[in-house]
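S.K.: Residue numbers (my numbering), protein chains in the order written: chain E, 713 to 874; chain B, 5 to 768; chain S, 3 to 282.
Be aware that a few hints might be false.
Once the Cα atoms are required to be at most 25 angstroms apart in a straight line, the calculated SDA-like pairs of lysine to any residue come out as [claimed, not checked]: (1) S/150 - S/37; (2) S/150 - S/260; (3) S/150 - S/115; (4) S/150 - S/137; (5) S/150 - B/692; (6) S/150 - S/23; (7) S/150 - B/684; (8) S/150 - S/126; (9) S/150 - B/695; (10) S/150 - E/734; (11) S/150 - B/223; (12) B/95 - B/223; (13) B/95 - B/237; (14) B/95 - B/50; (15) B/95 - B/394.
The hints are simulated quantities; they were obtained by calculation from the structure and are not laboratory data.
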Amino acid sequence: MSIDPYALTVNGREHEISEGWPGESLLWVLRERLGLPGSKNACEEGECGSCSVRLDGEIVCSCLVLAASAVGQEITTVEGIAPDGTLSDVQQAFVDAGAVQCGFCTPGLVMAIDVLLDSDTDPDDLTVREAISGNLCRCTGYGRVIEAVNLAAAFRRGETDL
Amino acid sequence: MSGTRTTDRTGVAPRTGGPGIGESVPRPDGVPKVTGSFAFSSDLWHDRMLWGGTLRSPHPSARIVSVDIGAAVTITGVHAVLLHDDVPGSKAYGLEHSDQQVLAGEVVRHEGEPVAIVAADHPETVRRALDAIVVEYEVVDPLTDPAAAETAPPIHPDGNLIRRIHLRHGDQQVVGEVQVEGTYEVGMQDQAFLGPESGMAIPVEGGGVDLYIATQWLHADRDQVAACLGLRPERVRLTLAGVGGAFGAREDLSMHVHLCMLAMHTGRPVKMVYSREESFHGHVHRHPARMWYRHHADRDGTLVRVEASLLLDGGAYASSSSAVIANATCFAAGPYRVPSADIEGVVVRTNNPPCGAMRGFGAVQTCFAHEAQMDLLAGALGMDPVELRLRNVLATGDRLVTGQAITGTAPGAEVIRTCVDHPSAASIAEDPMALPGGAGRTADPAHVVRGEALAVGFKNLMFSEGFDDYSSAACRLADGVATITCACAEVGQGFVTLVQQIAHEVLGVQEVVLEPASTETIGSAGSTSASRQTWMSGGAVQKACEEVRVRLLARVADEHGVELDGLVLVDGLVASLTGDLRVDLVSATSDPIHAEVEFRHAPTFPLDEDGQGDAHVSFAFSAHRAIVDVDVGLGLVKVVELTTSQDVGRVLNPVQVVGQLEGGAAQGVGLAVMEEVQLSDGRIRNASFTDYLVPTALDMPPVEIAALIEQPEPGAPFGAKGVGEPPSITSTAAVAAAIRAATGLALPRVPVRPSDIVFGGGAA
Amino acid sequence: MTIATSLEDACCALASHPDALVLAGGTDLMVAVNRGDLPVHHVVAIGRVPELRGWRREGDHVRLGAALTYTDLLQPDLAVLQPALAQAARSVGSPQIRNTGTLGGNVATGSPAGDTIPVLAALDAVLELRSASGTREMRLDEFVTGVKRTALEGGELIEAIRVPVLDGPQEFCKVGTRNAMVISVVSLALVVDRSGRTVRVGLGSVAASPLRATEAEAYIGGHLDWDGGRPPSAEVVDRFTELVVGATSPIDDHRGSARYRRHAVGVLAGRALARAVGAA
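This is chain E alone, in the form it adopts within the complex (with noise of 0.2 angstroms):
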């Protein structure tokens, strides 16, 4: 029982997706129908943060995005933020920090603060933690993800390189 075709704008794209199921998530939809599976599948209700994209421009989770009522939107996934080949600010910040381990977070965690430095290019401590809490990361303890941050806060105050 599939619905009617419907057109998704991803990273400035858009896809039509065709067959599809009716209750099928923007997450699902990103990694099984269109390819894109740098959005993560950790906890698919909205307590992890794994699946983190940018919809009109605000940081959401994904899996509780209804891939069929974001018709019009405009999405951004961690896969569009860097032109191909390139990282952003906040994604150099992440290998340079030593902010990866497992990786699972890293993409969701990279859009989080990908959204706070837009508005905030001085976050300070718990600014930081408030705008990540919704992400949840096993492996760092967090400390070398704020360390990214405060990496990529610095780069786009324009007093450091990346």
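Fit chains B and S to the known structure of chain E by using the hints.
M.R.: The following block gives chains B and S in isolation, referenced to the frame of chain E:
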């Protein structure tokens, strides 16, 4: 001590200085992981693939009267529904004992035990098919109290006692002038890795199968899978798929055999991904423990004797329970000289969820107990708890309660001193977000009390008790590029980085290629557990590279007619010490040089009937100092700061070491204040990330690294000890002790629940 | 699937599919869908209906569109009018959840642990329900009839929620066993209405449906020094918290025991009162 180097935090540069040992070399998989292009096991995809699913028992204990799959198989899109009788080979598997059913036959022994598996064209079809399978159960009263297990009717043909160790050490008649006694309890912790169990099996023409799976030990999986499929091991090929964390939970099989059965039955690739709820049912947990202790000491604080009785709940199947109870028992007295000990360790079978490996492996539970006892003893003696620990802490040459003398490094005193001497950076919070209760705005500073405490612990590195523990690695040097083959499972710890560093260090090569980990290309690397891969697979890679180096130098000596001992390998050049011969690596290896090795650590031996023996290879020590704020009115806790010192042998990659220390501590904080798989009559009540709480960034404090104690360990590659487990051992004990210090409560149980603080409960 | 772009649109779609799922933010609904607990046939998405996304002041009230997100409730010009609602909104889930979850969705889910529920209860919020056949109004306590049960009828949606603008301090607090992203074990909203000389207390996670501590409210309203502004005595605070606790009927569950909940709600009541009116 000579040879000791202490690396402070300033040694942890975020940017790399070079590619060799001791540098913060960035991970080679870092870029694909930050861009989302790294393929985790749940990202596997195949044009013709089907989706698999598992029907699980809703009952902790029941007889299966009948299973009707008639309706399920007729659903359009369903390709296979398989049951116990469809398991082609051995019906059971297990790490230490083959006692766990691939699919339940006559009985189910725990909630969530797999009963049937399905392959279909879409996960929604899978779901419907699973719903359409009718299982008639005759429910049996579950055995859920581990204390009753030994006298209860057996729930498994192997009986309810999995292992008992009765360790007796030294003079059994000795009594201390001061004695303290306590009973402690640790709840069931989940590894809660983020990447759910997932994988894909692809049938191979002619009867074999390829399995792509996230695991900790490919070869052990392969052997178990092959036995269950009734195939020779070489017909089953396992390749490591991207692993989203492990922490012990991927040491046992989960979906492995199921996927292969479905693929071989349908002739199609089959992919399976557990949901988070299913993951809680689909892997083993940390053993819950009840522990009674009596410590004896002289009035001057010298430990005289430790008595303990440890009861671990193994759940329905054995998994690695036998090894866990051995660790719990061997390390029950903590990192202290204890001349007399009587420690009984028992692990039993119940109808609770199966328990097995988790980071810290038996030492986490006992560290919580022995450190509480040490604080209690300090109180009884009127002695400073740090002094008490320093007076008794183990050093090289001392004997464990197993009678084994420590021959390697044992900087117990150094980890304590550096940790307590490190200045605290903790300030008093004003923003409610930084107070206990955080975003809930519950705390008033007037009701918040601060506590500080220290905990010390240690643990064995690598496999013990005579296990033939080895790792295989190969190095091929061709055109100046080193290609390393090793089946070590990268689960996030950074082995992939270490391979680059080791190959560079030994061979001076700039380019290092690590082949995918697979059972096809090389022998076993052993498990990514027990803090063993840096030593074992790192050691194997080092040995393989060194052999290549020896052959390379011999070749150049031979080809140029020079003396071998006059040649060195420096900066990508083979050169003579006299300087008149310089051959670059690329041309010297246009004809490839290859070496394949097995690396073993020094042999270990079984424990005798008194739990005595040289059962372990090496030990790592750590200390944590915790500072906590407690809202005594509501029983809420904010961990304000953790400071740690750790015995690391040698730092191979500073940033990766720090990552292990911070991450391990976070899991310890979780166990101390929030993480518990809650059971009710054998059923998990909180199988979700909504209700199984793991620390967020607002729960985890900064970790101050007071010192990385570098005393190179004899026999270890570059002197490096494994660093993964100690952080999760002492952090829990330290946080719990700090809450005690803040509240004056006994708090004999972790996780410490708000009600334990408010009502002074938590009595075991 | 209907993505409604106007209120009329939404009501028409619901009229032709009265059994349709109404999707606002999806933060509760999609959890059930992902688990396979909620079959999906027809969906009417209302999250982008402009009439539901706005708010405006109407005299001594604020009329809040049902599809305002928790993040929307944090905007300063609204938060200054409805501080407890903003405090509650900030305690919801994570930034991701606050960006999508809606006020109307929190009410329609009808969970005893809904974070805005105690605030709306304390404010005597009035719900405006809308369907193709018209509108009706309902008080929150009439609307939520039990655990995750509401009086919402097929074809109907929550259009708006009206709350009064009160002159006086407001406090929301919530106990959870984690410092962020946690479901409440107990929550409490206390709002002071200086002109009406009342204190109102809404409680969360301590009863099956929205709960007001009416006896406690009456008691404290009669014992506050409204003119002089002196803080209440310790005896008065104790009696007040006792009455708050007495209003509850909590249960034991995996998030907390009834005993702890009773204790904690008393603590919250005392602290919220002290923050609002001072402590002797």
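S.K.: The structure should be examined with respect to each hint, and the outcome stated for every one.
M.R.: Cross-check of the supplied hints:
1. S/150 - S/37: 17 angstroms, holds
2. S/150 - S/260: 19 angstroms, holds
3. S/150 - S/115: It holds: about 10 angstroms lies between the C-alpha atoms, which stays within 25 angstroms.
4. S/150 - S/137: At roughly 22 angstroms apart (the allowed maximum being 25 angstroms), residue 137 of chain S and residue 150 of chain S satisfy the hint.
5. S/150 - B/692: 19 angstroms, holds
6. S/150 - S/23: 15 angstroms, holds
7. S/150 - B/684: Status holds; Cα separation ~23 angstroms.
8. S/150 - S/126: 19 angstroms, holds
9. S/150 - B/695: With Cα atoms ~18 angstroms apart, residue 150 of chain S and residue 695 of chain B stay inside 25 angstroms; holds.
10. S/150 - E/734: 24 angstroms, holds
11. S/150 - B/223: 49 angstroms, violated
12. B/95 - B/223: 19 angstroms, holds
13. B/95 - B/237: Holds - the C-alpha atoms of residue 237 of chain B and residue 95 of chain B are around 16 angstroms apart, at most 25 angstroms.
14. B/95 - B/50: Roughly 29 angstroms separates the two Cα atoms, so the pair is violated.
15. B/95 - B/394: 52 angstroms, violated
Violated hints for the displayed structure, listed by number in ascending order: 11, 14 and 15.
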